[in-house]
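Engineer: The whole structure should be built from the sequences, with the hints applied where relevant.
Those protein sequence lines, which keep their order, are chains D and S.
The opening residue of the first sequence carries number 1 in the numbering used here; numbering runs sequentially from there.
The opening residue of the second sequence carries number 274 in the numbering used here; numbering runs sequentially from there.
These are computed hints drawn from the structure, not numbers from a lab.
Do not rely on the hints blindly, as some may be mistaken.
[As the list claims (entries may be wrong)] Under the rule of at most 30 Å between Cα atoms (straight-line distance), these lysine-lysine pairs were calculated in the BS3-like manner:
#, chain 1, residue 1, chain 2, residue 2
1, D, 111, S, 310
2, D, 40, S, 310
3, D, 244, S, 310
4, D, 244, D, 111
5, D, 252, S, 389
[To be verified] Here are some of the chain D residues that sit facing chain S, going by a computed Cβ distance under 10 Å:
#, residue
6, 29
7, 34
8, 82
9, 118
10, 182
11, 212
12, 250
13, 251
[Claimed, not checked] What follows is a list of derived Cβ distance ranges for each label pair:
#, chain 1, residue 1, chain 2, residue 2, range
14, D, 33, S, 393, 31 to 37 Å
15, S, 306, D, 170, 46 to 52 Å
16, S, 402, D, 59, 21 to 27 Å
Don't be surprised by glycine CBs; every beta carbon is placed ideally from N, CA and C.
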Amino acid sequence: MINKRGQTWIEFLIATVAFLGAISILFVTVGGQFREESDKVTFQSNCIKASSLENFFLQPGEPEDWETDSPDIFGLSNGTPGVVSNAKWLKAKELGFPSIINVSTPSTSWKLGYSISAFETITDASCTTKNAVSICRSSGLLNVTANSTQTTRTSLVLFFPSSTAAIDASDADSNTTTTGLNGTEVSIFMITNSSDNTDRVNITFTSSPDIIFIKQSSISSGQNITLMLGNKTAQDSFGALTIKPRGLCSAKTRAAIAFDDEVAIADFNLQAW
Amino acid sequence: MNKKGLYFWVEMIFLVIVFILIFANLPRSADNFINVKDRNDLGNFGFSTLRSLDNIGTLDNATNDTDFSATNFTVLSSYIRGSFPSTIEIDIEYFNGTHCRSEFGSMLSSCGNFTKAADTIRVDYTMAKMVNATTMHLYMRRIF
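Structural biologist: Written as structure tokens, this is what we have:
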């Protein structure tokens, strides 16, 4: 009898399925791994960009007083290391992002924002209170006002270092005051809406501190409500508009921000992608 | 049942070798990048915070320029601690070039002589405006 050589159909079928299975696993694994690694590399290079841009923007730019005209090279410092000029910030916003990106990093997308985290105890000449959460200062007194026509929830935590602070008058929805060795922390929570469009808290403080810290601020609203310090914007951003781009990386730093009449400390957040 | 020939097993061995080579050589970036970035960010945050306090004159106002030992350390500490969120734990020391002082001004036998967690980083900031420049050692770590 002649032996039949080669595979049977069952063996052939098993071998084919095993082969196709192995190839599929290989493609899925390798493809997934490449994608994951590619995302990591994109993220890492964006982090390097964000960090470099942050240092770049904390230079004065060229010419050094470009806020009187327009920049050849963009930069926000007022000349002192670590101090941002509010005049340059406002001029950059006036010129618009497309003009600024041409004199900074034409091939990189970024967005820069700041939020004031500490301010001096001066007296504000005027205060914006309409459609805003406003901190208005006078001697030994802070007046915090929330105003909105749509439902807005405002949470604010202020810290008075080495001082005693107390709430003098309030129609906030809740507030607490905690005094410890290092100073006094005041937490305020206000809800405003069309029927109760203004909440106000007066805080008095003794042994006037050099600066008062904004430890936390959160404004949740259907309308555009900004945090104001007197008539200055305490939170602002500038840059490309986008919705969660791939590989976005943030670099955060603190810098002083020089306004016409005072210097505050702000948290800067630069996002690059 | 048919007996498998030599080449069948040679093929199988090659297949296994190819799979091992492919999987062993997949691109793999360093997993500790996030940790390194986080530590850099924390250090940068600490340094830029102290620089900002210096830039707006708070450190200058809170310290005694000519005799650092006469500084009101409680006030200085309240400004520095007030600058950091509750998610960052800090310890402070002052070093004048020869010896260290604690956060509240007492002389220490040596610098950094306290128990620190493994993830603690140290940032040095020199208050150069003082007559006798003093360096602040800021020990920081994130807590949750």
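Engineer: For every hint, state whether the structure bears it out.
Structural biologist: Comparing the hints with the structure gives:
In summary, the hint linking residue 111 of chain D to residue 310 of chain S is supported, as the alpha carbons are separated by about 19 Å, within the 30 Å threshold. Between the alpha carbons of residue 40 of chain D and residue 310 of chain S the distance comes to roughly 13 Å, so the proposed pair stays at or under 30 Å and holds. Only pairs whose Cα atoms come within 30 Å are accepted, and residue 244 of chain D paired with residue 310 of chain S is accepted, the gap being roughly 20 Å. Annotation: proposed proximity of residue 244 of chain D to residue 111 of chain D holds, straight-line Cα distance about 12 Å (limit 30 Å).
For the given pair, residue 252 of chain D sits about 25 Å from residue 389 of chain S by alpha-carbon distance, which is consistent with the 30 Å threshold. Taking 10 Å as the C-beta contact cut-off toward chain S, the hint placing residue 29 of chain D at the interface holds, the least distance being around 7 Å. At about 7 Å, the closest approach between the beta carbon of residue 34 of chain D and any beta carbon in chain S falls short of 10 Å, and the interface hint on this residue holds. Proximity of residue 82 of chain D to chain S holds as hinted, the smallest CB-CB distance being about 5 Å (cut-off 10 Å).
Satisfaction of the interface hint for residue 118 of chain D is found here, the shortest Cβ-Cβ separation to chain S being roughly 7 Å, below the 10 Å cut-off. A distance limit of 10 Å between C-beta atoms decides the matter here; for residue 182 of chain D the minimum to chain S is near 4 Å, and the interface restraint holds. This hint holds: residue 212 of chain D has a C-beta 9 Å from the nearest C-beta of chain S, less than the 10 Å allowed. For residue 250 of chain D, the interface hint holds, the least distance from its beta-carbon to any beta-carbon of chain S being 9 Å, beneath 10 Å.
This hint holds: residue 251 of chain D has a C-beta 7 Å from the nearest C-beta of chain S, less than the 10 Å allowed. A C-beta distance of roughly 35 Å is found between residue 33 of chain D and residue 393 of chain S, which places it inside the suggested range of 31 to 37 Å. Here the CB-CB span from residue 306 of chain S to residue 170 of chain D is close to 47 Å, well matched to the stated 46 to 52 Å. Taking 21 to 27 Å as the suggested C-beta distance range, the pair residue 402 of chain S and residue 59 of chain D conforms, at roughly 22 Å.
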